[in-house]
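Asker: The lines below spell out each chain.
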Amino acid sequence: MDPKYCSGVVFSNTQVYENIYEMKVGENFKGQPGQFYMLRAWNREPFLSRPISISNIENGTIIFLYEIKGKGTELFSKLRSGDSIELLGPLGTGFPLGIEGNVGIVAGGIGIAPMVYLCHKLSTKVDFYAGFREKSFYMDKIEKNVENIYISTDSGLEGHSGFITEIFQPEKYSSVYTCGPLPMMRIVLDMCRKANVSAYISMERRMACGIGACLGCSILTTSGMRKVCKDGPVFKGEEIVFND
Amino acid sequence: MTSVEICGVEFKNPVIAASGTFGFGREYEKFYSLSKLGGICTKGITLHERHGNSGTRIHETTGGLLNSIGLENPGVDVFIEEELPHMEKYDTVIIANVGGSTIEEYIMAVEKLNKTNIPMFELNISCPNVKQGGMAFGIKSDVAFKVVSEVKKVSKKPLVVKLSPNAENIVDMAYRCCEAGADGLSLVNTFSGMAIDIYGKKPVFENTIAGLSGPCIKPIALRMVYEVCSAVDIPVIGIGGIMDYKDAIEFIMSGAYGVQIGSGNFVKPDICLDIISGIEKFMKDEGIKSLKEIRGIIRRKS
Ligand SMILES: Cc1cc2nc3c(=O)[nH]c(=O)nc-3n(C[C@H](O)[C@H](O)[C@H](O)COP(=O)(O)OP(=O)(O)OC[C@H]3O[C@@H](n4cnc5c(N)ncnc54)[C@H](O)[C@@H]3O)c2cc1C
Ligand SMILES: Cc1cc2nc3c(=O)[nH]c(=O)nc-3n(C[C@H](O)[C@H](O)[C@H](O)COP(=O)(O)O)c2cc1C
Ligand code: FES
Numbered sequence: 119m120d121p122k123y124c125s126g127v128v129f130s131n132t133q134v135y136e137n138i139y140e141m142k143v144g145e146n147f148k149g150q151p152g153q154f155y156m157l158r159a160w161n162r163e164p165f166l167s168r169p170i171s172i173s174n175i176e177n178g179t180i181i182f183l184y185e186i187k188g189k190g191t192e193l194f195s196k197l198r199s200g201d202s203i204e205l206l207g208p209l210g211t212g213f214p215l216g217i218e219g220n221v222g223i224v225a226g227g228i229g230i231a232p233m234v235y236l237c238h239k240l241s242t243k244v245d246f247y248a249g250f251r252e253k254s255f256y257m258d259k260i261e262k263n264v265e266n267i268y269i270s271t272d273s274g275l276e277g278h279s280g281f282i283t284e285i286f287q288p289e290k291y292s293s294v295y296t297c298g299p300l301p302m303m304r305i306v307l308d309m310c311r312k313a314n315v316s317a318y319i320s321m322e323r324r325m326a327c328g329i330g331a332c333l334g335c336s337i338l339t340t341s342g343m344r345k346v347c348k349d350g351p352v353f354k355g356e357e358i359v360f361n362d
Numbered sequence: 612m613t614s615v616e617i618c619g620v621e622f623k624n625p626v627i628a629a630s631g632t633f634g635f636g637r638e639y640e641k642f643y644s645l646s647k648l649g650g651i652c653t654k655g656i657t658l659h660e661r662h663g664n665s666g667t668r669i670h671e672t673t674g675g676l677l678n679s680i681g682l683e684n685p686g687v688d689v690f691i692e693e694e695l696p697h698m699e700k701y702d703t704v705i706i707a708n709v710g711g712s713t714i715e716e717y718i719m720a721v722e723k724l725n726k727t728n729i730p731m732f733e734l735n736i737s738c739p740n741v742k743q744g745g746m747a748f749g750i751k752s753d754v755a756f757k758v759v760s761e762v763k764k765v766s767k768k769p770l771v772v773k774l775s776p777n778a779e780n781i782v783d784m785a786y787r788c789c790e791a792g793a794d795g796l797s798l799v800n801t802f803s804g805m806a807i808d809i810y811g812k813k814p815v816f817e818n819t820i821a822g823l824s825g826p827c828i829k830p831i832a833l834r835m836v837y838e839v840c841s842a843v844d845i846p847v848i849g850i851g852g853i854m855d856y857k858d859a860i861e862f863i864m865s866g867a868y869g870v871q872i873g874s875g876n877f878v879k880p881d882i883c884l885d886i887i888s889g890i891e892k893f894m895k896d897e898g899i900k901s902l903k904e905i906r907g908i909i910r911r912k913s
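Protein sequence lines, in the order shown, are assigned to chains A and B.
Read the first sequence against the working numbering and you will find it ends at 362, with the numbers running on by one and no gaps.
Read the second sequence against the working numbering and you will find it ends at 913, with the numbers running on by one and no gaps.
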């Protein structure tokens, strides 16, 4: 599907956890799990738009789940229902959907955002592993579409105390999807490789154009230079070359 | 009405997509018909494929961005075989932007491009010169003179030299490129800049220095275009932070024949269309029949 540049109307924008917000924008939006939109809710400053994953689409209303990191996401959090926002998308290549066998999803923090929609669209049995700093959030939106949820927190306040990779069992799945902090995803890829399980990873890079023109988000893969915004953000785990 | 002739090549309007911000056009054709553009400068092409720089490549700044892409491109052969045929479907002027790290590389790339139907070359002399310790060709006029005159000898197409604003003396640089045989000049490329990650206590970019573009550079770019247009007689294309038709008209009034739009494309993928229609409306409202009437108008004595 070709991306479009258009303006949308904010239906709601609510805080779901400390720094985490859910924004619903209408209407008539499309896209696949793992794809994203470049968003801007300002004129010239900040200069660039911000890439945010599709967290769900319900009857054309698109849902974004985002964490306040800096000035752009801070401005998003100030939007009220009725405000307008510019959207460019859907962009990129998302998660493959037509796979068979059990699926394991491993997400860290705000990395759960694209996985909500993914769980919704997968028709196989899905187990969800999610690691958080303090406490979990938004898991009620995932519950209904998965078999099991495993939670870990750094704080030990909920679920396993420690990293999610400590309780993740790759051998139980035929495919694994991961999104979150890179160190976590590297461990997940490593575990999947050892267990001979195919893994898909959603990469993050700073973006300028979001459409594949500026090469600001290029990464080295086993098949040469690839653009995270166009060829990704989802890549096969074994394609990623870590240069250290 | 908006058409302009630059170095013997006819452009339907003065608005050209700037190199490195527009790929080879494919990404933008999804948003509008590229035949509406005056022209498209390709991503910088080098003799051989380049992977570009590692580490962070983009860093936003107030009013623009720093980039350290490092000329990632598929190489001239792949460009000619896989990208050019597609680009030629558009009814617009294709300008091949050529980079290199040695004079020989520039020459070999230009020789290959000579055999295509591309009507115009833009020589990017902001590239690091490996034989000069990595200092860009476009810093010292004598170094630029050498590469421009050598390339001019082999080029079969009008040669526009793209100047770096980091040149020691932009007017002297423009003179020397003219002397070396440049058919036109375009300016500016990105300004040297940098940013520091204060928590990591290190530069944001692996190369420390990166290139600054966007509206934050516009006043300086405009001043440079003005000075260069006042000094040379060959056509000049103005570049730097152009975000709307007003910015574009400013460059034209300072003496530019055409303008290039770079970082603006990241803000709104069809920004070039807004600029084209803005120029048309401005001309109509002001009763201007040809851009010649206002080109360099601020320099004319009343
Ligand atoms: C494909 C994709 C999908 C995404 N989906 C989501 C999503 O669904 N939800 C969500 O919350 N986020 C998502 N992100 C991340 C999100 O785009 C960023 O958090 C956001 O752009 C930050 O913008 P900001 O203006 O708030 O922060 P900024 O002010 O731009 O930066 C925040 C902080 O990060 C630092 N920083 C700047 N550059 C870098 C860098 N290269 N590496 C590390 N730190 C840097 C800054 O210095 C600053 O301290 C996604 C990113 C990508 C690439
Ligand atoms: C991401 C990026 C990549 C660029 N790549 C090239 C390039 O390959 N060759 C070149 O001559 N200029 C390159 N430029 C410079 C632009 O063509 C232009 O001269 C500069 O960005 C100033 O214009 P602007 O302020 O409108 O962006 C690049 C600029 C950016 C932002
Ligand atoms: S962000 Fe421009 S190519 Fe990916």
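No lab work stands behind these hints: they were computed from the structure.
Each hint should be verified, as a subset may be incorrect.
[Stated by the list, open to error] DMTMM-like, lysine to aspartate or glutamate: derived pairs with alpha carbons at most 25 Å apart: (1) A/259 - A/218; (2) A/348 - B/844; (3) A/187 - B/699; (4) A/348 - B/699; (5) A/187 - A/218; (6) B/641 - A/218; (7) A/348 - B/897; (8) A/253 - A/163.
Asker: Identify every previously stated hint that the structure contradicts and give their numbers, smallest first.
Answerer: Hints 2, 3, 5, 6, 7 and 8 contradicted; others consistent.
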